[in-house]
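Colleague: One letter stands for each residue in the lines below.
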Amino acid sequence: MKILVNERKCDVPDLITSEEIRLRYKPDADLVVVNGYPEPDSCPLKEGDRVVLIRRGEIPAAEELEALMMARHTPGVHARLKGACVGIAGVGGLGSSLAVALARCGVGSLILADFDVVEPSNLNRQQYFIDQIGLPKVVALQNNLRRINPQVEISTFFGRLDSHNIPEVFAGVDILVEAFDSAEQKAILVSTFRRHFPERPLVAASGLAGYDSANSIVTRKVGERFYLVGDGVSAAQPGRGLMAPRTGIAAHHQANAVLRLILGLEPHED
Amino acid sequence: MDIIINGKTITVTTGLSILGVLDHLQIAPQHVAVEYDGKILAPDDFGVTRVQDGGRLEIVQFVGGG
Numbered sequence: 001m002k003i004l005v006n007e008r009k010c011d012v013p014d015l016i017t018s019e020e021i022r023l024r025y026k027p028d029a030d031l032v033v034v035n036g037y038p039e040p041d042s043c044p045l046k047e048g049d050r051v052v053l054i055r056r057g058e059i060p061a062a063e064e065l066e067a068l069m070m071a072r073h074t075p076g077v078h079a080r081l082k083g084a085c086v087g088i089a090g091v092g093g094l095g096s097s098l099a100v101a102l103a104r105c106g107v108g109s110l111i112l113a114d115f116d117v118v119e120p121s122n123l124n125r126q127q128y129f130i131d132q133i134g135l136p137k138v139v140a141l142q143n144n145l146r147r148i149n150p151q152v153e154i155s156t157f158f159g160r161l162d163s164h165n166i167p168e169v170f171a172g173v174d175i176l177v178e179a180f181d182s183a184e185q186k187a188i189l190v191s192t193f194r195r196h197f198p199e200r201p202l203v204a205a206s207g208l209a210g211y212d213s214a215n216s217i218v219t220r221k222v223g224e225r226f227y228l229v230g231d232g233v234s235a236a237q238p239g240r241g242l243m244a245p246r247t248g249i250a251a252h253h254q255a256n257a258v259l260r261l262i263l264g265l266e267p268h269e270d
Numbered sequence: 001m002d003i004i005i006n007g008k009t010i011t012v013t014t015g016l017s018i019l020g021v022l023d024h025l026q027i028a029p030q031h032v033a034v035e036y037d038g039k040i041l042a043p044d045d046f047g048v049t050r051v052q053d054g055g056r057l058e059i060v061q062f063v064g065g066g
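Those sequence lines, one after another, are chains H and W.
Counting along the first sequence from 1, when you hit position 260 you're at 260 in our numbering, and nothing is skipped either side.
Counting along the second sequence from 1, when you hit position 35 you're at 35 in our numbering, and nothing is skipped either side.
Careful, some of the hints might be misleading.
Within a straight-line C-alpha distance of at most 27 Å, the following computed DSSO-like cross-link-like pairs (lysine-lysine) qualify [claimed, not checked]:
hint, chain 1, residue 1, chain 2, residue 2
1, H, K82, W, K39
2, H, K46, H, K26
3, H, K221, W, K39
4, H, K2, H, K82
5, H, K26, H, K2
6, H, K82, H, K9
I should point out that these hints are in silico values taken from the structure, not numbers from a laboratory.
Quick caveat, the model's predicted, so the values are computed rather than measured.
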C-alpha cells in the first residue's frame, strides 16, 4: 500500500505499523504524528495514511521542514492553503497577528501593505520586536514571517493605500483582509476593493478596542463575499485603548475566515 | 417615501441622495461602505445617487481600531 512518510510517497507492506515505519525511515525519531495527531504507541496503518517522523531539537533540512511544520494540520488542508494568495491591507495589530497565523498555516503567498514604521506604542499588541523600532512594518513583518515559515512567498507594498492604487497592489489576491486602524481607511478600502473585485472575498474588521468580553467579537456576513469581524461598536477612542487580547481575537477571527474561505466554507456558518 | 436600510423599512423625504440618507441617520459618510440596490457605490457617488421609493440600501459602518 502507499502512504506518506514526511510527505514523501512510500510503498509499504499492508498492515505495517507506525513503529515499523519509524524504525525503517527514521529510527532516531522520538515523535510520531499519524494523520495530524501524535501517536505515542505503535498503531496499524492503512492506505493513504500520513506519517511524520520528528526528532526533537533537530533543525530539519529546508525540503523536509515544510512537511514537519504541517504535521499537526488536518490532513488535506495544506495543499489547498499553499495554492492561495492573500492580501493584507494594514499590518498593525490586526494585520501582523493574522499574518503570523496565516504563515504558520502555510498559506502560499501573502501581499503585505502598510505605510507605517514600527513604534514603541505598537508593541502592546503588534507582532514586532524592540530591535525593529523604526523599520517599515512591512519589512519587519516579512523578516518575522520568514523566521516562522520560509516557504511563504511574501511581497510588500510600503506606502499609503488609496482608491487609485488598491486595485493594482491587490490585483493578484484570491482573498483580501482589511486590517487598518482608521475607520475612514477601512471604508475606502472596502468600497474600492468590492467595486473592482466583487467576485473575490473580503474580510474586514470593526469594533475590537478595549477589554470587554471576548465573546462579543463575532464573524458576520454583511454582503456578497463580504465578511465583518468584531463587535461592530467598540471604537478606539480616549478612554478605550487597543489591547493585545481583543485585537488578537479579532485578527484570528479574520485568519480563520480566510482559512475557511480557502477551504470552500462560509466563514460565519456553524 | 419608504426605503429599506439593512432590511428595515424607514420613511424618508422623496428625492434624498445617499448623503442625505446618511445625514438623516446621523452616520458619518466617510466611515461607511454603501450598497444601493445591489450596486457597490464609490464614496464620490454618495452625493449624486438619489434613492427611489422601495430602494434597498446596505450600509456597513466602521469604527476605528486595529
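Colleague: Hint by hint, work out which the structure violates, then give me just those numbers in ascending order.
Modeller: Failing hint: just 1.
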